[in-house]
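The number in our numbering is simply the position in the sequence shown, starting from 1, with 37 added.
Rather than coming from a laboratory, the hints here were simulated on the basis of the structure.
Keep in mind that a hint or two might mislead.
Stated by the list, open to error - Each computed PhoX-like pair below joins lysine-lysine, with the alpha-carbon atoms no more than 25 angstroms apart: (1) K221 <-> K210; (2) K221 <-> K181; (3) K220 <-> K210; (4) K220 <-> K201; (5) K220 <-> K181; (6) K210 <-> K181.
What the hints assert, rightly or not - Label-pair restraints from in silico Cβ distances: (7) R55 <-> K181: 17 to 25 angstroms; (8) Q194 <-> S274: 14 to 22 angstroms; (9) S166 <-> F199: 12 to 20 angstroms.
Only a predicted model underlies this, so the values are computations on that prediction, with no experimental measurement involved.
Positions of the beta carbon are idealized from the N, C-alpha and C atoms, including for glycine.
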Amino acid sequence: EFLAVGQGEDAAMESGQRMVEAVEAKIGSVLFACLLGSRGYNVALPESDADMVMVAAFEAEGHWGVDAPLPTVHHALPDQIADYVVYDVAAFADLARSADMHALEPLFQVPGMVVRTSPPFAALAARRSELLLRGDGGRAVVAKCVSEALGRRGAAQTDALFAKLAVTEPGPKADGLRDMLRKKLYVQAALMARALSVADTGELTVFLPTSSPAQLFAAGIRSGDVPLDLARARIRSMVDEATAWLGPEYDD
38 EFLAVGQGED AAMESGQRMV EAVEAKIGSV LFACLLGSRG YNVALPESDA
88 DMVMVAAFEA EGHWGVDAPL PTVHHALPDQ IADYVVYDVA AFADLARSAD
138 MHALEPLFQV PGMVVRTSPP FAALAARRSE LLLRGDGGRA VVAKCVSEAL
188 GRRGAAQTDA LFAKLAVTEP GPKADGLRDM LRKKLYVQAA LMARALSVAD
238 TGELTVFLPT SSPAQLFAAG IRSGDVPLDL ARARIRSMVD EATAWLGPEY
288 DD
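Input sequences plus hints: build the corresponding full structure.
Structure below.
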């Protein structure tokens with residue numbers, strides 16, 4: 038068991054260390070590990086799971102032969118809620134050079150959410166702003182966030198859920214749709230908060246500061262304190278703000 042549902046941040050960090058040790062026994066030396074997901078964004082509920090990202094030096098012999106492994110490994114524990122993704126260091130570096138959010142988020146995560154680091158990773162993290170901005174002021178990253186927020190897993194999916202909810206009788210099915218919407222919308226809210234942090238400051242804010250407007254908004258969606266219609270409207274406003282920052286050459 039790594040993490041029981043309902044445990045807090047201290048337990049999550051302790052469980053993360055055990056996950057790191059388990060991964061090292063199977064894959065290779067872990068150069069970096071941090072919490073992401075709802076805990077890493079600072080919008081978790083007490084029952085939230087623990088999502089971790091690790092960067093490891095995969096054992097060399099694992100790369101030989103016809104059945105060479107994929108550059109990432111995903112593992113989910115079915116009972117004790119804990120998920121992690123492990124990137125081979127070469128694959129992670131490629132993602133970082135292409136300003137992929139999957140690599141940028143670990144590079145910009147706050148120290149309090151970091152379970153393991155190393156000098157090689159610290160050297161890469163020291164260049165994180167350069168990787169983020171890449172000569173375009175971060176526009177490529179913000180554009181990717183906007184595209185994701187509007188795409189089939191973003192607004193297109195939530196709009197379909199809203200339409201389904203509108204014709205569903207009150208009861209367990211409607212409650213389930215509302216829960217799905219809360220999960221989808223809080224993810225979009227956190228995503229657009231990250232996009233706007235790049236636009237406003239030239240830095241990527243991953244762990245939303247406690248009681249900041251962005252944190253209260255995303256956490257309020259997650260907990261049900263923010264009405265769903267209001268959440269959708271505010272997220273659309275955030276998308277519009279990011280699109281305006283991108284300039285007229287950006288076409289959503």
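Consistency of the hints with the structure:
no. : hint                              : in the structure
1   : K221 <-> K210                     : 17 angstroms, holds
2   : K221 <-> K181                     : 17 angstroms, holds
3   : K220 <-> K210                     : 16 angstroms, holds
4   : K220 <-> K201                     : 16 angstroms, holds
5   : K220 <-> K181                     : 20 angstroms, holds
6   : K210 <-> K181                     : 33 angstroms, violated
7   : R55 <-> K181: 17 to 25 angstroms  : 33 angstroms, violated
8   : Q194 <-> S274: 14 to 22 angstroms : 19 angstroms, holds
9   : S166 <-> F199: 12 to 20 angstroms : 38 angstroms, violated
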